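> Residues per chain are reported as follows:
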Amino acid sequence: MFHRESGVFKTSYAADMALYPLPIARWAVAVFAGLFIVIAPLALGEYYISILNLVLIAVVGALGLNILVGYTGQISIGHGAFMSVGAYTAANLVTHLGAPFWITIPAGGIMAALIGAVVGIPSLRIKGIYLAIATLAAQLIIEWTINHVTWISGGVQASIQVPRPSLFGTQLKSQTQLYLFLMAFVVLAIVGTSNLIRSRIGRAFIAVRDQDIAAEIIGINIFRYKLWAFAISSFYAGVTGVLYTYYLGIANYEQFQITVSIDYLAMVIIGGLGSILGSILGAIFVTLLPILTRWFLEDYGWLLFAQQDLQNAIPNLRLILFGGLIIFFLVVEPEGLNRLWRNIRNYFRVWPFSY
Amino acid sequence: MPEFEWQFTLVLLTNGVMIGLMYALIALGFVLIYKATDAINFAQGEFVMFAGFIAAGAAEVAGFPFWVSALLAIGGMVALGFGLERVVLRPLIGRPVIAVVMATIGLAAVLRGTATMAFGAGTRVIVMPVSDEPFQLGPIMLPPVQLVGAGVSLVFLAAFTWFFLKSRTGIAMRAVADSQQVSMAVGINVRRYFALAWAMAGVVSALGGVVWGAMLSVDNQLALVGLKVFPVVILGGLDSVIGAVVGGLVVGVVENLAAGYLDPYVGGGTKDFAPYVLMILVLMIRPEGIFGRRRIERV
Numbered sequence: 001m002f003h004r005e006s007g008v009f010k011t012s013y014a015a016d017m018a019l020y021p022l023p024i025a026r027w028a029v030a031v032f033a034g035l036f037i038v039i040a041p042l043a044l045g046e047y048y049i050s051i052l053n054l055v056l057i058a059v060v061g062a063l064g065l066n067i068l069v070g071y072t073g074q075i076s077i078g079h080g081a082f083m084s085v086g087a088y089t090a091a092n093l094v095t096h097l098g099a100p101f102w103i104t105i106p107a108g109g110i111m112a113a114l115i116g117a118v119v120g121i122p123s124l125r126i127k128g129i130y131l132a133i134a135t136l137a138a139q140l141i142i143e144w145t146i147n148h149v150t151w152i153s154g155g156v157q158a159s160i161q162v163p164r165p166s167l168f169g170t171q172l173k174s175q176t177q178l179y180l181f182l183m184a185f186v187v188l189a190i191v192g193t194s195n196l197i198r199s200r201i202g203r204a205f206i207a208v209r210d211q212d213i214a215a216e217i218i219g220i221n222i223f224r225y226k227l228w229a230f231a232i233s234s235f236y237a238g239v240t241g242v243l244y245t246y247y248l249g250i251a252n253y254e255q256f257q258i259t260v261s262i263d264y265l266a267m268v269i270i271g272g273l274g275s276i277l278g279s280i281l282g283a284i285f286v287t288l289l290p291i292l293t294r295w296f297l298e299d300y301g302w303l304l305f306a307q308q309d310l311q312n313a314i315p316n317l318r319l320i321l322f323g324g325l326i327i328f329f330l331v332v333e334p335e336g337l338n339r340l341w342r343n344i345r346n347y348f349r350v351w352p353f354s355y
Numbered sequence: 001m002p003e004f005e006w007q008f009t010l011v012l013l014t015n016g017v018m019i020g021l022m023y024a025l026i027a028l029g030f031v032l033i034y035k036a037t038d039a040i041n042f043a044q045g046e047f048v049m050f051a052g053f054i055a056a057g058a059a060e061v062a063g064f065p066f067w068v069s070a071l072l073a074i075g076g077m078v079a080l081g082f083g084l085e086r087v088v089l090r091p092l093i094g095r096p097v098i099a100v101v102m103a104t105i106g107l108a109a110v111l112r113g114t115a116t117m118a119f120g121a122g123t124r125v126i127v128m129p130v131s132d133e134p135f136q137l138g139p140i141m142l143p144p145v146q147l148v149g150a151g152v153s154l155v156f157l158a159a160f161t162w163f164f165l166k167s168r169t170g171i172a173m174r175a176v177a178d179s180q181q182v183s184m185a186v187g188i189n190v191r192r193y194f195a196l197a198w199a200m201a202g203v204v205s206a207l208g209g210v211v212w213g214a215m216l217s218v219d220n221q222l223a224l225v226g227l228k229v230f231p232v233v234i235l236g237g238l239d240s241v242i243g244a245v246v247g248g249l250v251v252g253v254v255e256n257l258a259a260g261y262l263d264p265y266v267g268g269g270t271k272d273f274a275p276y277v278l279m280i281l282v283l284m285i286r287p288e289g290i291f292g293r294r295r296i297e298r299v
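Chains as they are written, first to last, in my numbering: chain V, 1 to 355; chain R, 1 to 299.
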């Protein structure tokens, strides 16, 4: 949003704390909302909408993980497992009780939040690498438990069929309907996160991230806030899991393995730690990367590989590109896409008189 | 409860010890890097896999004898260690833990992709010049491959213990790990030791790759042994060579006993699960591990 601040004066605290302090920012948000909520579903075909749906689901999860990693400075390599907790909670509620989505989504979130808080308990004593490994252990243990306890996983292949949610008595069959449904949760997640970060809890999170011992000394109960961060972040993960389950129509622990945790970490790092826009950009980037790689290679791959090697090369090239980009961003632009966007914006803000 | 069979237990125990020593070898690579550079290598399993691929590829495709291909793997991994330190890890010095963790996770993805691209997705074997006939010891059968693996582990663990305690280079490395600034002040070339640590980890990973590759055969799945590194090093202490040995032994024994006694009740998979439960317990009770050094934090 290429805005100029000159001439905008704030006369009250409320105006100063507003989410979008400038009129042009509000206009920009309105334009984006119009573009994505009204025009995109009308203009794009089912296939493209289904890809956008994946992006929307990832945005919710990335926002949640960014609360934990970017704002509170804790590490979690277990978010895939928290998503599976949400997914299986919802799946069981649907199959046994026939619960509608407005029960399953909060229930999945709360269940994941509880489990997440339990996993977060060691964070009082351990941090950094130890916490990373503890959450990795949580990922593997939760995965194993879901796979082996039949009353959670429903037995065969640990997968449970879940019908699409119904809204006002009609089932959301097409991707476009699902798109609007998911969009509602994305908006909720974005607004919720931006408000959370400006609140007392959010400020405490940031203090804990910057220096947890100092935060404790100025009177922040770091244990409580670390647990809150784990719980809130896992709540988002749980909701993501439920949404993804609705999208796929099946709850399956294989969809939430450690690679998923790593994907989401990559989103917040490539997007930018501690930034809402960064989470969104990261989610878009990481979700689209494999799809775009495949399209590109299917069309132009014959320039690089023989036809019979191509199908084998695609997943490997994707892995290499994915890992290489993570390393590239960490080494070259640690603040991620969000920083790149700010650089571009700042350049144009004073353009063409950059002195 | 089935009646206690001491023979069964004994077999599980010896198996656990053998596997444990081989875990210790891989964990050693992790400990070396952490001890010298404070970096956490989440790509240790992929290092091992990559080394296995080099050795197996050299033997199968080029037809080199076992020793030459093992040496090739060691050389390749040393070069890889040097290169990665220079390109990836050095720019990350002084950055938050998550940056290094994520960088090595990214590295793991790159290595896995590259290995499969270069060597193909198929399974390859490393044939050690030892007989296939198991070594009989009372009721216990020991495959020679495992014996060799355990022996290699023991030799190198002893060598590295000596190296860190007595040799000038080893002491300098410990100094670098302790405080980079003070080491620079007393005239230690910190960068050189960082590079050296990654190269040494490369050597250890190459040995691990050859030994594990000979036991399990080489494919993508070989990288999964890397997941066992974490329980081992947490248990023993992240910066202790002896800790790697003890941690490896405990994890090896625990997972074998768990697999032997619990698998029939829960339907398999305890082998991968039990070490992590053990690790969580250690993290709760004594996060720095058995031999690890407790760090005091200051504001």
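Calculated directly from the structure, the hints in this document are not laboratory data. Quantities reported herein were computed from a predicted structural model and do not represent experimental measurements. Note that the Cβ used here is the ideal one computed from N, Cα and C, for glycine as well. One should not assume that every hint holds.
Stated by the list, open to error - Derived, one-sided and incomplete: chain V residues facing chain R with beta-carbon distance under 7 Å:
1. Ala40
2. Ala43
3. Leu124
4. Arg125
5. Ile126
6. Gly128
7. Ile129
8. Tyr130
9. Ala137
10. Leu140
11. Ile141
12. Ile262
> Does each hint fit the structure? Answer for all of them.
Cross-check of the supplied hints:
{"no.": "1", "hint": "Ala40", "result": "violated, 31 Å"}
{"no.": "2", "hint": "Ala43", "result": "violated, 35 Å"}
{"no.": "3", "hint": "Leu124", "result": "violated, 11 Å"}
{"no.": "4", "hint": "Arg125", "result": "holds, 6 Å"}
{"no.": "5", "hint": "Ile126", "result": "holds, 5 Å"}
{"no.": "6", "hint": "Gly128", "result": "holds, 4 Å"}
{"no.": "7", "hint": "Ile129", "result": "holds, 5 Å"}
{"no.": "8", "hint": "Tyr130", "result": "holds, 5 Å"}
{"no.": "9", "hint": "Ala137", "result": "holds, 4 Å"}
{"no.": "10", "hint": "Leu140", "result": "holds, 5 Å"}
{"no.": "11", "hint": "Ile141", "result": "holds, 6 Å"}
{"no.": "12", "hint": "Ile262", "result": "holds, 6 Å"}
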